[in-house]
Amino acid sequence: MATKVMMEALSPTMEEGRLVKWNRNEGDAVAQGDVLAEVETDKAIMELVARGAGVLRARLLAEGDTIAVGKVIAIIAEPNEDIAALVGNQGQSESPPHAQEAGPTAVAAAGTDAMPSPGVAQALGVDPSQGHAPQAMSAPAAPTPGAAPRTTMGQPTAHASEQASHAADHGGRTLASPLARRLAAERGLDIGELRGSGPAGRIVKRDVEEAITRGAALLATARPVSPVAPGADVPEFEDVALTQLRKTIAKRLSESIGPIPTFYLTAEFDLTKVAELRAAMADMGPEFKVSVNDIVLKAVATALSQHPDVNAHWLGDRMRRFNRVHLGMAVAIPDGLITPVIFDAHVKSLRQIAAESRALAARARDRKLQPHEFTGATCSVSNLGMFGIDQFTAIINPPEAAILAIGGLADVPVVEGGQVVVRKRMRVTMSCDHRVIDGAIGAQFLQTLRRMIENPLMLVF
Amino acid sequence: MPVITYRDALNQALREEMQRDARVFLMGEEVGVYQGAYKVSKGLLQEFGEMRVVDTPITELGFAGVGVGAAMVGLRPIIEFMTWNFALLALDQVVNAAAKMLYMSGGQFNIPIVFRGPNGAALQLGAQHSQAWESWLAHIPGLKVVAPGTPYDAKGLLKAAIRDDNPVCFLEGEMLYNTKGEVPDGEYVVPLGQADVKRQGTDVTLVTWGKQVLVALQAAEQLAKDGIEAEVVDLRTIRPLDEQAVIRSVMKTNRCVVVEEGWYFAGVGAQVTDLVQRECFDHLDSPVLRVHQADVPMPYAKGLEKAAKADVPKTIAAVRRALYLD
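Protein sequences, first through last, are from chains A and B.
Residue numbering for the first sequence follows our numbering, starting at 1086 and increasing by one per position.
Residue numbering for the second sequence follows our numbering, starting at 6 and increasing by one per position.
If we strip away everything but chain A, and leave its shape as in the complex, we get (with noise of 0.2 Å):
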């Protein structure tokens, strides 16, 4: 049985993929799961695995050529499979043949149906390629590559019918089973992102387990085991229904300041402390070395932890509170910027977050960044000290709620006990949804913020 090898999409919001490179030449044996080749998304560069078995027999795509998602780009087969038909249907969005046609008529009709569908005759045993399959089942093992779609004389053939099902041509609905639905919206999965595996790529209950698992083992590698999250049974987030007065502010500032009415906060830290840290952990060895921002962000973890109202997303209708912290970092890459997530920062080490930072920010300048590391965030952080800016407002990334931007460190000179004396200090910006986080609630926010990093062995505790 040959199998189409499609461009998929590999990020969320990939609608073409430009093949890298072949990781397999024509006539090579695969297996399901191999890695046919590294394909550029709209994000990344991500590898694409073989979802059949049998030999790659041809590869209907150059290197470096770019194809829409859902075209063929090459075909498992058999060794000595005649796959004629499928390769003059490259560049063709497929979907794989499946039994939806055979109505329920057909599971019983052996006797009367004189011209059976695919699904039929496979529901009944019957080879479509033996000579009594109806002509329009054959028509497609024509074409050469290349020649006109095959739906001449205004007669759409059974192939043609068979096309119109796949799920790009749904009029963009997803199709999805209802308990696929339900499944997805109860891990709060976009059913959206996910990849059906039915009859014209409906997606179906083992996708969205498929999906569970596979988030899990992502998660579970991107995690390092040692801490454990406080309170292991806590939800990861609570939904919080909107009050009357919560909508109407909603609302308002919307329309005041749209789509997000954004307000900032800014404070000046000192961070006299946290130079000493610094210093003290160098003394005792380049191994224990941490950067500004390193402790920046394990302090923004650790008071985000603590503030559930501002570690949350705007959803609409509801807020979410996250009881976790999966803290998003804007890294600068050459043509533009990225956010990759430390996740359950709250519970890691300034030594786990100083290397997963570091190892985050150059998998991002490698655009090596798969999308499970760059999505997921609960809030965010940009850091522009080190190119010398004192302080700056950022854009909140939705649906998340807020955002610290993170000025450079200067000494300046300030009244302590009515001495002028000179302090290291740092200017932090919180931009704040309104919908979500009111001034106060920033200002308590920075507050805890202010004496985490104004005492830094508060993030050792």
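If you're looking for bench data, these hints aren't it; they were derived computationally from the structure.
Predicted model, so just to flag it, every value in this text is computed and none were measured.
Possibly wrong hints are sitting among the right ones.
[Claimed, not checked] Label-pair restraints from in silico Cβ distances:
no. : chain 1 : residue 1 : chain 2 : residue 2 : range
1   : A       : A1326     : B       : F270      : 55 to 63 Å
2   : A       : E1271     : B       : P196      : 36 to 44 Å
3   : B       : L309      : A       : G1461     : 56 to 64 Å
Ideal Cβ placement from N, Cα and C applies to all residues, glycine included.
Go by the hints and put chain B onto chain A.
This is chain B only, laid out in the frame that chain A set:
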């Protein structure tokens, strides 16, 4: 526990209920001297005499009507149709008299009657004698419809049907009469309107009744070899339908295949499908599928008859489709 045939289980039920209640009597073609066309009434004439085991002429409408009249004046008749195909001739009494009398008499006359006989196809009996009638009968408010698939259920349900104060259509199976199963000694009744999970499973619910219970169970055993665990819900009573039993099972398995003997159009499977789509919508992972007889008069030719029947391979194929395996 004794293992007896479906036939003997029915015979026990008739005997026990006739012993228990002198108002109960059996009437039909060949039920007495000949001991029943399928020997279900064996020995009853000898035990209860000609007043309570009554041989009739070949007049289905007539003796069904006599039965309804007897029920109106306080007796509890059991009317045996040699097959339900012959009951077509008596449908006016079943549908227009028995089913509606309580309603039309303003509650004055309840009709405690059982119409019973073999239903569905056997082997090469031809188009006119190979039909499953449950959807016709279940369509009528006022009738209860029962279709046991095992000897245990046959006995327990027939006793319940005889004791019920409403008309009950009791559908047996010619191919079931020789099947054997455990039937306990002594008194028991299987209440009407209660389905029975004949096999536990997690992956798909097979809803079935009557003769097809055996088909579903065989299909389930074969599917288990491929790691597919089918739950077999035997409705036992088609009307009143045990909706909760179906809902519970489909909520668990997320998939449903109805295995019925008759034709698909307006079949009982359509009624089950209606229930499942309405009550289990958010729990369905695939459309409800149905296995049923081909939409043709039953062929006489052996090979064509086999191809037309709802059998184990067709059930397996439907389950695999429901699980997106084919």
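Okay, the hints, checked on the actual structure:
At about 48 Å, the CB distance of A1326/A to F270/B disagrees with the hint of 55 to 63 Å. E1271/A and P196/B have their C-beta atoms about 37 Å apart, which keeps the hinted 36 to 44 Å range intact. Between L309/B and G1461/A the beta carbon distance is about 60 Å. The supplied range of 56 to 64 Å therefore holds.
Hint check: a violation occurs at hint 1 only; the rest are consistent with the structure.
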